[in-house]
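Positions -21 to -1, 1 to 211 (mature numbering (1 follows the signal peptide of the UniProt record, and there is no 0)) are the ones given, in order, by the sequence shown.
No lab work stands behind these hints, which were simulated from the structure alone.
Beta carbons: idealized from backbone N, C-alpha and C, even for Gly.
Any given hint could turn out to be false.
[Said to hold, decoys possible] Across the chosen pairs, the derived CB separations fall in these ranges:
no., residue 1, residue 2, range
1, Q68, K176, 23 to 33 Å
2, D116, L170, 42 to 52 Å
3, K194, N142, 15 to 25 Å
[Claimed, not checked] 25 Å max Cα-Cα, derived PhoX-like pairs, lysine-lysine:
no., residue 1, residue 2
4, K126, K64
5, K176, K202
6, K126, K140
7, K211, K189
8, K124, K66
9, K128, K194
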Amino acid sequence: MKKIFKLIVLLCVVCSVSLNASETEKRIEAGFIEIAGLVTDAGNLNALENAKLYDEKGLLIATTDSRGYFKGKIEYPGNGAIHFKIKVQKSGYQSFVQTENWGNLGNNIRCAYYFGITRNDSKSFSEMVFTKDLSIDSVIAGLIKVKEKTYFSKKIETAKKDNQQVLFKIDSEYYLINDGGWLKIASPDELISIDGKQTVKASEINSVIKRKQIKGMSPSESKEYSYEIYTK
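With the hints as extra help, turn the sequences into a complete structure.
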């Protein structure tokens, strides 16, 4: 009888240890991404108060204050790749969904987000940077770079309007622009290869090819030309 009792006690102890280990493992596996940032009007970059951010389960992450600032946490499985979504909602504005697919970045992940949302179907935007400092002062300071990038993007869109040119001069600098991006070049005298079959000066490119024809473009390591454009 004593042996049976001891066996029962031993089994109870083993089960208890196993359950505790399982719970500990779950706690270790679960991780959090600390996020902070700003929600602004995409058109003028003014701060938007009372914008709400939700995770993909519909749980509230954070709400912006009068400066458009928010701070919160997103839970994720601690092992392997990281996948999550952030939905930004503000009364009178179009909802915006940010989808992230990251590799295994380990623990203690912190990042700042800058969301620009719109009242209509015009372009919303988002920018993300990994940073240890999620304070309001640091996040607002980071907005300067976002503004510069946003204003430059608007200049590009304005330059592209109602034409199919490839070479543009913007703020005294020269750029090769297609419908997917741009390359800054040193001068209009730079040589460009088109499909590896034709080489022209950048200043001549607008009379040779249309922007909509470009499938890709990149700097080149060739000694004969500086950039390559592909149409196939």
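Taking the hints in turn, this is what the structure says about them:
| no. | hint | result |
| --- | --- | --- |
| 1 | Q68 - K176: 23 to 33 Å | 51 Å, violated |
| 2 | D116 - L170: 42 to 52 Å | 47 Å, holds |
| 3 | K194 - N142: 15 to 25 Å | 19 Å, holds |
| 4 | K126 - K64 | 24 Å, holds |
| 5 | K176 - K202 | 15 Å, holds |
| 6 | K126 - K140 | 21 Å, holds |
| 7 | K211 - K189 | 13 Å, holds |
| 8 | K124 - K66 | 23 Å, holds |
| 9 | K128 - K194 | 24 Å, holds |
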